[in-house]
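Which chain is which? The protein sequence lines are A, B and C, in order.
Take the first sequence: its letters are residues 1 to 269, numbered as in my numbering.
Take the second sequence: its letters are residues 1 to 327, numbered as in my numbering.
Take the third sequence: its letters are residues 1 to 270, numbered as in my numbering.
Derived from the structure by calculation, the hints contain no laboratory data.
Everything hinted at is true.
Computed beta-carbon distance windows for the label pairs:
1. B:L159 x C:R30: 23 to 33 Å
2. C:F45 x A:L137: 31 to 41 Å
3. A:E139 x C:L106: 53 to 63 Å
4. A:E139 x C:H143: 40 to 50 Å
5. C:D96 x A:E237: 47 to 57 Å
6. C:Q256 x B:S82: 22 to 32 Å
7. C:F45 x A:E237: 29 to 39 Å
8. B:Q225 x C:D96: 37 to 47 Å
9. A:E237 x C:I34: 36 to 46 Å
Small disclaimer: the values here were computed from a predicted structure and weren't measured.
By construction, the Cβ of each residue, glycine as well, lies at the ideal position given by its N, Cα and C atoms.
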Amino acid sequence: MSFYMKYTRVFKLGVQASLEYRTDFIFSLVSAFFPIMIQYYIWTAVYGQSDNGEFFGYTYEEMILYTIMAAVVTKIVATNMDHVIASDIKNGSLNKHLVQPADYFGLKLFSLLGQKMFFFSVMLVILFAVLFYCSALYEIRIPAANLACFAGVLALSLVLNFLISYTIAAIAFWLAEISYFFEMTGLFVIILSGGVFPVEVFGKTANAVLSCLPFKYTIYFPANVLNGKLAINEVLEGMLMQAFWIAAMLLVSKAVWRIGLKKYLGLGG
Amino acid sequence: MEAIRVEGLTKDFTYYTKEVGVLNSLKNLVYRKTLTKHAVRDISFSIGQGEMVAFLGPNGAGKTTTLKMLSGILHPTGGHLSVLGYKPYERKKEFKKRFAIVMGQKSQLWADLPAAESILLNRYIYQVEEQAYRRTLDELVELLDVSHVLNVQVRRLSLGERMKMELIAALIHKPELLFLDEPTIGLDVVTQKRVREFLAYYNEHHRTTIILTSHYMKDIQDLCQRALIINDGRLVYDGSLNQVNGASAGSKIVKLKFADYVDPDGLGAFGTVRQSDGYQATLEIAKGQINAISRELLELFPVEDITIEEKPIEEVIVSLYDRKIPV
Amino acid sequence: MKAWHGTMKSYLQIYLRFIKNCFIAQMEYRTNFILGIAVEIAYLFSKLLYVVVVYETDLHIGDITPDGILMFVGTYTMMTGLYAGLFFTNFVRISDYVRTGELDLLMVKPVSLQFIVSLRYIDLGMPIPNLAAGITMVAIGWHALGIPVTFYHIAIFVFYLLSALLITYGLMIIPSILSFWFVNTGGLAGIFYAIWDANNMPMPIYSRLIQRIGVYVLPFLVITNFAPMTVMGRLDGGLMVWGVLAPVLLLAAVRQMWKQAIKNYSSASG
Chain A
1 MSFYMKYTRV
11 FKLGVQASLE
21 YRTDFIFSLV
31 SAFFPIMIQY
41 YIWTAVYGQS
51 DNGEFFGYTY
61 EEMILYTIMA
71 AVVTKIVATN
81 MDHVIASDIK
91 NGSLNKHLVQ
101 PADYFGLKLF
111 SLLGQKMFFF
121 SVMLVILFAV
131 LFYCSALYEI
141 RIPAANLACF
151 AGVLALSLVL
161 NFLISYTIAA
171 IAFWLAEISY
181 FFEMTGLFVI
191 ILSGGVFPVE
201 VFGKTANAVL
211 SCLPFKYTIY
221 FPANVLNGKL
231 AINEVLEGML
241 MQAFWIAAML
251 LVSKAVWRIG
261 LKKYLGLGG
Chain B
1 MEAIRVEGLT
11 KDFTYYTKEV
21 GVLNSLKNLV
31 YRKTLTKHAV
41 RDISFSIGQG
51 EMVAFLGPNG
61 AGKTTTLKML
71 SGILHPTGGH
81 LSVLGYKPYE
91 RKKEFKKRFA
101 IVMGQKSQLW
111 ADLPAAESIL
121 LNRYIYQVEE
131 QAYRRTLDEL
141 VELLDVSHVL
151 NVQVRRLSLG
161 ERMKMELIAA
171 LIHKPELLFL
181 DEPTIGLDVV
191 TQKRVREFLA
201 YYNEHHRTTI
211 ILTSHYMKDI
221 QDLCQRALII
231 NDGRLVYDGS
241 LNQVNGASAG
251 SKIVKLKFAD
261 YVDPDGLGAF
271 GTVRQSDGYQ
281 ATLEIAKGQI
291 NAISRELLEL
301 FPVEDITIEE
311 KPIEEVIVSL
321 YDRKIPV
Chain C
1 MKAWHGTMKS
11 YLQIYLRFIK
21 NCFIAQMEYR
31 TNFILGIAVE
41 IAYLFSKLLY
51 VVVVYETDLH
61 IGDITPDGIL
71 MFVGTYTMMT
81 GLYAGLFFTN
91 FVRISDYVRT
101 GELDLLMVKP
111 VSLQFIVSLR
121 YIDLGMPIPN
131 LAAGITMVAI
141 GWHALGIPVT
151 FYHIAIFVFY
161 LLSALLITYG
171 LMIIPSILSF
181 WFVNTGGLAG
191 IFYAIWDANN
201 MPMPIYSRLI
211 QRIGVYVLPF
221 LVITNFAPMT
231 VMGRLDGGLM
241 VWGVLAPVLL
251 LAAVRQMWKQ
261 AIKNYSSASG
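So that you can see chain A by itself, here it is in the shape it has in the complex:
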């Protein structure tokens, strides 16, 4: 089997798996609606009581759009890959992969992309429908260039988030037991990425720290591309940062995995 064939096969398997879980997906879409609704009412109350047109640097319209976009982007980007990979490490499935000629990293990445393919397309349609409706409602004009860039931004986010998960999953090499551990890290990653509130809410200091970390380029940044807050040059700059962080996380993950594997194999696996 050629290199190419191998990965397309994994990719297709992922697509099939995702189609089997489409009912779950529909339910998760419906449940995504409620946090949006709650935040909609919170922000409406916040902006409604005050003459101040801006909170945390967002106008009302931008904030509402951010909330919706962040929720949708979180659904697209967030994976339980860290948990899956960590389980592979702990239950010994990794052994199986280590003896196979295919790279474990590549296998996981392509099966993830395959799994996400279906959701990715559906979510994009939903996203643009919502956007179309909201921008008409709030009279926000989203530059066409931002729209054009968005698919690219989202794809980069997905890859970057995968790399973050892949790196975090390596913690499993050092843990005796994983159980809920990765549920916790997953939640923290979403919070730090701006999946609950825009990162400005955390305050100036926290923000300065977050600016030196890759998280906010997975949810916070794509959500802001679509609420019209960012100009096109800022979008392009952000995409560059995404590319930079992908490269950086690639190196970090390789390094962490090398150390982890050494420990793993040293113990006899």
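Fit chains B and C to the given chain A structure using the hints.
Below, chains B and C alone, put in the same frame as chain A:
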């Protein structure tokens, strides 16, 4: 005294066919084709108090379904049934306190706890008096010889020890009636024997009515005087086990594996050849001759492996049909 | 009356055994125990972000000040802890009992099946962070609003918390009971968790329609709003009565649903 009386007991399950695909799922919303499985068909029998009876039959014959109806887990579709004077499906508390059920493949013990904890919990659930509880527990622990593992986490016990604990947990409230569904499944031969001996002793000393299901003949031979054979939901035999044995008494199955090619024609002289391909052969040999013939086989042929088995229960049932034993 | 008393006593004894059992089992797996707490802290952290937003923006909902809102968030946090500790583990398992047939062995026990199935497991670790944080928030809000600390106020607050606990039980068990008919109800449970989180804010923030539905149809909003509203003197007589009636009606309905589910199980399953 009668412990159980069953007349015309019937159980049907309905289920739906489901085809794959989005279109079929939509179709299913509007119209679903209902299929009926007749798990138990018109069974009648009665069991006296203190009896020890076996439900025999191949997998899926309806043994477990019958047992579940007797214990009130399942509602019968039709027929009358009375267990200890109650209608089991009404699930009265007084009724539940008087029987117990042990299922070989399911556990009522909590794997993360020592068995002693689960047994103690049953004391509260069945409201057993402290003194009676102590006495019963001591007796059972001694009989089954498990005092050393009573306080070990169930997860760490061997399968046999676990089954013994299941028995203790089930018997701690001194039930008058005990249902056992495949109690020896997966156990090694020694433990199987141990469990059987225990059940025989317990039945004799406490006059507890015991009903057990199995698809092993052997499981039951030493234990039960009486067997109910169920096949395809029907009661095909009710009577002494000796007669069942009689039906299969004629012959045993001998399986041979050869190191070299052996002409199948040459085997015909030793017994009925059921199957043979030159390297493997299955013979049916009369019971009385088994020893002599197997010795001869071993001498004359390059035998690599030889196993001697009872006829499978399915065949015994077929021969019972043939003999037209009245139920 | 005496028989009823006896039953209550034996159920309490059994429940105590449940707690002891769970404690022993959880001490066997201390890492899990601690990780469970850590996960809850993570969730708590994500919920506290709302408090940050409330104070940062000086949010007033009607005439409820940020301190008032804190009392609502605190009640919500406490209830989340109680739900996680007392019910969650059980409700998640119900569909497994049905699928694996483990229910069979529970059905023959001479105690209420619903009792065993829905209250068997108690998690002693997970609720700790939520209860601690929730009580702290309520205390801070209580103090800041100058609500008198009298027996009456505390009793009435606790009373409505109990009513809330019963409603929590009744609402959150619904997806699990539906698993008797449908194989996969995980998605529906996810929706219920999402609705649960709507309690993070006082209900006057929502539109009138949502409030009506949340109080009278699926009484989610009763769970965390009524207790703080009574002590703040915001609950009128009608709603106070509803706070007593709602759990009773809901539990009666759930009981009927449960009976139907068991009937379905014992006549349809194989």
